[in-house]
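Asks: Residues per chain are reported as follows:
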Amino acid sequence: MNPIPANAANVSTPVSASRLRSLQAVGIFSGFAAGAWLGGAEAPIKLVSPSISPITVSLIMVLGVFLARWSVPAFIRGTAHVGNDVRQAPHLIVWAVLAGCMWAVANTLTIYAIRNVGLSIAFPLWNTNSLLGIFWGFLLFNELHYAGWKRWLGVIGGALCMFAGATMLAIASSHQAAPGKATLGILAALGAGALWGTMYIPYRKAYLTGMNPLSFITFFTVGEVLTMSLLAIGYRGAFPLWHELVSARAVLFWLMLGGFVWVVGDLFQQYATKYVGISRGIPLSNTNQLWGLLWGILVFHELQGASRSVYTQVAGGSILMALGALAISLSSATQREHSSWQDAAQREGTRYGVEREYVRAGMEGRAHHEIDKRRSPLDWALIIGTTALFVILAFAAKTPSVGFSTAWAVALAIAMLTLMVTCGIALWRVTKFL
Amino acid sequence: MVSNSTHRASRNLLLAIATDIHFWIPLGVLLGGLALLDKVR
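So the sequences go chain by chain: A and B.
Using our numbering, the first residue of the first sequence is number 1, and each one after it goes up by one.
Using our numbering, the first residue of the second sequence is number 1, and each one after it goes up by one.
The set of hints was computed from the structure by calculation and includes no laboratory data.
These numbers were taken from a predicted model, which means no experiment stands behind them.
We put the beta carbon where it would ideally sit given N, CA and C, even for glycine.
Accuracy of the hints is not assured; some may be wrong.
To be clear about the criterion: a stretch of chain B counts as covered by chain A if any three or more of its residues have a C-beta under 8 Å from a C-beta of chain A, and this derived list gives those stretches [to be verified]:
(1) 15-28
(2) 32-41
Below are the BS3-like pairs computed for lysine-lysine, each with C-alpha atoms no more than 30 Å apart in a straight line [what the hints assert, rightly or not]:
(3) B:LYS39 with A:LYS46
(4) A:LYS373 with B:LYS39
(5) A:LYS46 with A:LYS432
(6) A:LYS432 with A:LYS373
(7) A:LYS181 with A:LYS46
Facing chain B, a subset of chain A residues (Cβ under 8 Å, in silico) [said to hold, decoys possible]:
(8) SER16
(9) ARG19
(10) PRO90
(11) VAL94
(12) LEU98
(13) CYS101
(14) MET102
(15) THR108
(16) TYR112
(17) LEU140
(18) LEU184
(19) ILE186
(20) LEU187
(21) ALA188
(22) THR198
(23) TYR235
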C-alpha cells in the first residue's frame, strides 16, 4: 500500500455546522429529484411495442445510458475533471466498473422476475435494496453511528414505511397474475435487490474518497455496457441480436431517450449518495415508483376503470411512501455522525494512498485545486456527437400508436424540468457540482 | 525508471484492492447474480 501523503490536513477535522446543513439539504433535495427523473424514465419505454425482446430493450437503453454518461459530464464540467479524479484515486476505476457490471446483471434479473412472478411481487422484493443499503452503510461506512434513536427511527421506520407503500403500489398497478416458475422469479427479484443493494458499496467507497459523481459514472457505464452487451450476445446470439436492433430502429429513439432520462435521475442519486450517504439517499431515490405511477395513471390511463379498492391501495401506498420519504429527509446526519463518516473516509484514503486534502475537499463539496474550465475538443465531440445522434434517431422514430394524454405529459415534464433546474442550481451553489 | 515506478504503483494498487474485504463482497454478490441469471433464463 502507498504511504500517506504528509502534505495535507487531517480528514477527521469536523465540517462546520452550517456547511454540513447545506450539504445535507442539497443531498436530500438530490434524492427527491432522482426519484422524479428515475420514475420519468419509464415513460418513453411505455411507448415501445412489447414485441421486442426484453434483453434487446435493456441493451438499447444501456447504449443511450452510455452516451449520456459521457456527454452529460462533458457538458457540465468537461472531461479534464475526470482525468484529474483518476490521477488522484485510480483504484476507483475498478470499483466503478464493478458497480456497472452489478447494475447490468440486476437489471436483467428484473426482466425474468417480472416475467415469472409479475410486477406486484417482483417490485417490492427488489426494492429491499434500500434496506440492504442501510445495512452496508452502517456496517462498512459508519453511517448512522452516533445518530441517536430519533434518527434511527426516522431512517429505518421511513425505509420500512416506503417498503410497505411500494408493496401496495406494486399490487395495485399490477395487471399480471403470477404464472409458473414462481420460485425462480422470486429468487431473481431477491437477487436483483441484493445486487443493487450491494452495488452501493462501490458508490459509497468512491464518494468517501472524494471522487466526483460525474467522473464515477463515466467508468460505471463501461462495466454496464460491456456486461449488457455480453449478456445480450450470449442470450440472443450476435446475428439475431443485430437483426433485432436493425428492425427496432423506429423505436431506438424512445428507448435511448428513456436511458438518457434515467441517467439524469441516476446522477442526482449519485449526489444524494455522496452527501447524505446510502442509508438516506437510496430510499429517497426509491420515490421513483410514485413518479412512475403518476406517469402510468395520468398520462397512459393505466388504471382506467379500476375498482375502488385499487384506487384505495394506490392512495394508501402513495401516502405511505411520501411519509417514509419525509421521515428520512427529516433525519439528516448530525455533526457527530458526519465525523464518523470522516473516519471511514480517512481509512479509505490511507488504504489507497489518496491525498488527504483531496478526500476532505471531496467530502466538503469543494474544489481540491483549480482545473482549466474550458471544454476540450473531446468534450465538444461528445456533446455534438450525442446530440446529432439523438436528432437523427428522432427523425427515424415512428410516432407511437399508444394513446396518451399530452396535457398531463407536458405537466409532468415541466415538473421534472423544474426539479432538475432548481436542484441543479442548488448543487451548483453549494458544491459547484463537485 | 518511469516504467518501473508505474509498474510498482499498479502492483500496489491491485494489492490494496485484493486485500480489501469491501471488494470481495460486491464481487461475490456479482458472481452469485450471474449464476442465478444462468438458472432463471
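Asks: Evaluate each hint against the coordinates.
Replies: Here is what the structure says about each hint:
With 9 residues bearing a CB less than 8 Å from a CB of chain A, the segment 15-28 of chain B meets the requirement of three and the coverage assertion stands. Closer than 8 Å: that is the beta-carbon criterion, and the segment 32-41 of chain B has 8 residues meeting it against chain A, so the requirement of 3 holds. Taken as a hint, the LYS39 (chain B) and LYS46 (chain A) pair is honoured in the structure, with Cα atoms around 28 Å apart against an allowance of 30 Å. Proposed proximity of LYS373 (chain A) and LYS39 (chain B) is contradicted: the alpha carbons are some 49 Å apart, above 30 Å.
With a CA separation close to 35 Å, the supplied pair LYS46 (chain A) and LYS432 (chain A) exceeds the 30 Å bound. For a cut-off of 30 Å, the pair hint linking LYS432 (chain A) to LYS373 (chain A) stands: about 12 Å separates their Cα positions. For a cut-off of 30 Å, the pair hint linking LYS181 (chain A) to LYS46 (chain A) stands: about 26 Å separates their Cα positions. Because the smallest distance between the Cβ of SER16 (chain A) and any Cβ of chain B comes to about 29 Å, over 8 Å, the interface hint for this residue is violated.
With a least beta-carbon distance of about 28 Å to chain B, the hint placing ARG19 (chain A) at the interface is violated under the 8 Å criterion. A distance limit of 8 Å between C-beta atoms decides the matter here; for PRO90 (chain A) the minimum to chain B is near 6 Å, and the interface restraint holds. Checking VAL94 (chain A) against chain B: minimum C-beta separation of about 6 Å stays under 8 Å; hint holds. With 8 Å as the threshold, the beta carbon of LEU98 (chain A) comes within range of chain B, its nearest partner Cβ sitting at about 6 Å, so the hint holds.
At its closest, the beta carbon of CYS101 (chain A) sits 6 Å from a beta carbon of chain B; the interface hint therefore holds under the 8 Å criterion. Satisfaction of the interface hint for MET102 (chain A) is found here, the shortest Cβ-Cβ separation to chain B being roughly 5 Å, below the 8 Å cut-off. Below 8 Å, beta-carbon pairs count as interface contacts, and THR108 (chain A) has one with chain B at about 6 Å; its hint therefore holds. A hinted interface residue such as TYR112 (chain A) counts as satisfied when its beta carbon comes closer than 8 Å to some beta carbon of chain B; here the least separation is about 5 Å, so the hint holds.
Taking 8 Å as the C-beta cut-off, the interface hint given for LEU140 (chain A) holds, the closest approach to chain B being about 6 Å. Because the smallest distance between the Cβ of LEU184 (chain A) and any Cβ of chain B comes to about 5 Å, under 8 Å, the interface hint for this residue holds. Interface restraint check: ILE186 (chain A) against chain B, minimum CB-CB distance 10 Å, threshold 8 Å, status violated. Hint status for LEU187 (chain A): holds, given a least beta-carbon distance of 6 Å to chain B, under 8 Å.
For ALA188 (chain A), the shortest C-beta to C-beta distance to chain B is roughly 5 Å, which falls under 8 Å, so the interface hint holds. A distance limit of 8 Å between C-beta atoms decides the matter here; for THR198 (chain A) the minimum to chain B is near 4 Å, and the interface restraint holds. Given the 8 Å rule on beta carbons, the hint for TYR235 (chain A) holds: about 6 Å separates it from the nearest Cβ of chain B.
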